[in-house]
Amino acid sequence: MVTTPLLPSDYLDLVSPLRAGADLCGRIEAVHPETGDAATVVIRPGRGWRGHTAGQYVRIGVDVDGVRLWRAYSLTSPTHRRDGRVTITVKAIPDGKVSNHLVRRVKPGTLVQLDHPTGDFVLPQARPAKVFYLTAGSGITPVMGMLRDSELDDVVMVHCAPRPQDVIFRNELHDLVAEKKLRLIEVHTDTDGMLDIARLDELVPDWAERETWACGPAGLLDAAEGHWTGHGVQERLHTERFRPGIVVAGDGGEVTFSASGKTVAADGATPLLDIGEEAGVLMPSGCRMGICFGCVTPLKAGAVRDLRTGGITEAEPGVLIQTCVSAAAGPCDIER
Amino acid sequence: MTAIDPTAHLTSEQIEELGRELDAIRDEVIAGRGEKDAAYIRKVIAAQRKLELVSRGVLLFSIFPPAWLLGTAGLSVAKIMDNMEIGHNILHGQWDWMRDPKIHSTTWEWDHVSPSEQWKHSHNELHHTYTNVIGKDNDLGYGIMRVDEDQKWHPFHLGQPLWNFLNACFFEYGIAAYDLELGKNLHKRRRKTPEFRARAKAVGRKIRKQVLKDYVIHPLLSGPSFLPTLAATFTANLVRNLWTHSVIMCGHFPEGVQVFERRSIEGETRGQWYLRQMMGSANISGSKAMHFMTGNLSHQIEHHLFPDLPSNRYAEVAVKVRALFEKYELEYVTGPLPKQVFSAWHKVFRLALPNKETKAGAPDHGKELVAA
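Chains as they are written, first to last, in the numbering used here: chain U, 1 to 336; chain P, 1001 to 1372.
For the record, the hints were derived by calculation from the structure and aren't laboratory data.
It is possible that part of the hints are untrue.
[To be verified] BS3-like mimics (lysine-lysine), calculated; alpha carbons at most 27 Å apart, straight line:
1. Lys300(U) - Lys1102(P)
2. Lys1036(P) - Lys107(U)
3. Lys107(U) - Lys1043(P)
4. Lys1192(P) - Lys1209(P)
[Unchecked claim] Anything over 12 Å on all C-beta distances counts as not near chain U; from chain P, calculated:
5. Gln1014
6. Glu1021
7. Trp1068
8. Leu1069
9. Phe1156
10. Gly1159
11. Leu1166
12. Asn1185
13. Ala1198
14. Leu1238
15. Arg1262
16. Phe1292
17. Ala1315
18. Ala1323
19. Lys1327
20. Asn1355
We put the CB at the ideal spot given by N, CA and C, even for glycine.
Only chain U is shown next, with the shape it has when bound in the complex:
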């Protein structure tokens, strides 16, 4: 009542965004380069942070060119870090808006939005006797979180990267090898070629007896799943896939109105508002020309094209579109 229509928290956020009870966010305190295109970002999470389990990932919302974008990154810090900071390790992918921003441009002091950590790519309570980590590229990040978190007796790791200098955490991995805490096999794909999954018999002869965690590009994981299933030991394999769906922007497509459970075909020129209304979906509407914002609706999946500018908007959490001036650019899911 004292601050209506705002909440007291709107004022408190001005001075203490990391306080308990605030929307969860964190402050970037440092960015350490790991390789030419990867960096570790040190974040001090707000008081509401509930902690994580090694191997889990966190969704973080970063403002890039003024636009809030959300991405998921594995936590690479151990769970018992004394100073309460957590780290994520980010590899800049070509044209990746968020990854390039975090690796090359973000300044310490920046506030980022956080979700609570999640994911079941974690070690079980009862620690397995023999462990195998199969990783490639930035797929090493959740595994690094595990390696740093708990010491295991018998750990083998096969890691693929183009060149030695592309291996993230290489020095630390070699230290673990020197301390005999890890047996490491590096596959340098620029010189050795892509890893042939059949070579595992020679690289890690007892792979089938080991509890395995695999993380990397879809090709590697598909091959691993086939291999483990082929040998009847698929229950020993745990995989984590990054970026599950890649949106292909086309011209028109199947539109799903998920709240009303309707799916209809749409061309690339008809506004989604009309498509929905024709399908009998109750659509909020207004000026029907893109000026009043009375028709904004969440885009849950897929991509749409702005009929005025031709610009493509891809689904991401929190993305709302103006249905009166947007058409399907490939299959999409509208929350109506």
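Knowing the structure of chain U, use the given hints to seat chain P on it.
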């Protein structure tokens, strides 16, 4: 309505070309939106909140006259900022592109008795789509005034200078009633529809909260300064209302602004829609501070062309828009605030009286202004 159509010299090809040129201006701004713009609105919001906090803090001691003056002035400015540069523009979706759920047209609520949701419908949708179309755009005179010679005169209009003055003083309540379409809904039958009742309830809730905050809780918190704080919040609301009413009057009422017939917008093209916005709006000239305090509605013409572009960009857009006015030989109605306010009030007084007899043989009013 003027007797001469100021757009008669344009061919329909020219009007469509004008539309394309305006689209290009819009696209350029959209492509260039970025970090600086986001930082701007966040800075303005933070500044507004700090100013309001400090002012209300000072008012706790408003029993001392200097504190009263300072706190009242600060609170007035904070309320103006909230309604104009922040609220009006966020509710237009100008900042939706940032994808920040806290600064978004679907979540924002403002320091105003009209709930955001209702205001967005009557303002963004009705007023901005049907700008200055008599019978469609009720912003023309808010249903209580006659603002054009072509509107039928009624003895009720004799009092319109007084209605307008009262509306200015209690502008936020006027807007809330207007958003509710109270006039139309006072008939018993309409009053009972569940839809109207729900909306009226929402307004009632909002008014209760606002009144409780401004006229009960904060004065009570001030203890011995109860009465001075009460007077201060009342004054701040009055100042804000008078100010916003003046700014908004300048947007469409000054002499030189065109109004349109319902028939004229049938089958309107994009170019014609743009042209109607250009001829139906007026600007206020002045300093940067002036533009800021009007929420950049001093760039009303640009705002009506591009209601969803971030307000901080209107000044740069205005230069290009004005060049188009010149290129197409159209009148860009603008002037300093006192002149525009006077012009608008002059019209209110003039149209309170019935029109003077039109001379026999005088040309009929230019009715199809745009859709010619």
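| query | Far enough from chain U: is every CB of that chain over 12 Å from the CB of alanine 1315(P)? | reply | 18 Å, holds
| task | Quick one: work out the minimum CB distance from alanine 1323(P) to chain U and report holds if it exceeds 12 Å, violated otherwise. | result | 22 Å, holds
| query | Does leucine 1166(P) really sit off the interface, with its C-beta more than 12 Å from all C-beta atoms of chain U? | reply | 25 Å, holds
| message | Please verify that the nearest CB of chain U lies beyond 12 Å from glutamate 1021(P)'s CB. | response | Holds, since 15 Å exceeds 12 Å.
| field | Claimed clearance of chain U by glycine 1159(P), with the beta carbon kept past 12 Å | value | For glycine 1159(P), whose nearest Cβ neighbour in chain U is about 33 Å away, the distance exceeds 12 Å, so it holds.
| Whether asparagine 1355(P) stays farther than 12 Å from all C-beta atoms of chain U, as the label says | 33 Å, holds
| task | Taking the shortest Cβ-to-Cβ distance between asparagine 1185(P) and chain U, state whether it exceeds 12 Å. | result | It holds; asparagine 1185(P) is separated from chain U by about 20 Å at its closest Cβ, greater than 12 Å.
| message | Between the alpha carbons of lysine 107(U) and lysine 1043(P), is the straight-line distance 27 Å or under? | response | This hinted pair holds, its Cα atoms lying about 18 Å apart.
| Given the hint that lysine 1192(P) pairs with lysine 1209(P), does the C-alpha gap stay at or below 27 Å? | 24 Å, holds
| Least C-beta distance between glutamine 1014(P) and chain U, which was stated to exceed 12 Å | Non-interface label stands for glutamine 1014(P): nearest chain U Cβ at 21 Å, farther than 12 Å.
| message | Quick check for students: does the CB of arginine 1262(P) sit more than 12 Å from each CB in chain U? | response | 17 Å, holds
| query | Would the least Cβ to Cβ distance between tryptophan 1068(P) and chain U come out above 12 Å? | reply | Per Cβ check, tryptophan 1068(P) is outside 12 Å of chain U; nearest 20 Å; holds.
In summary, the structure agrees with every hint in the numbered list given earlier.
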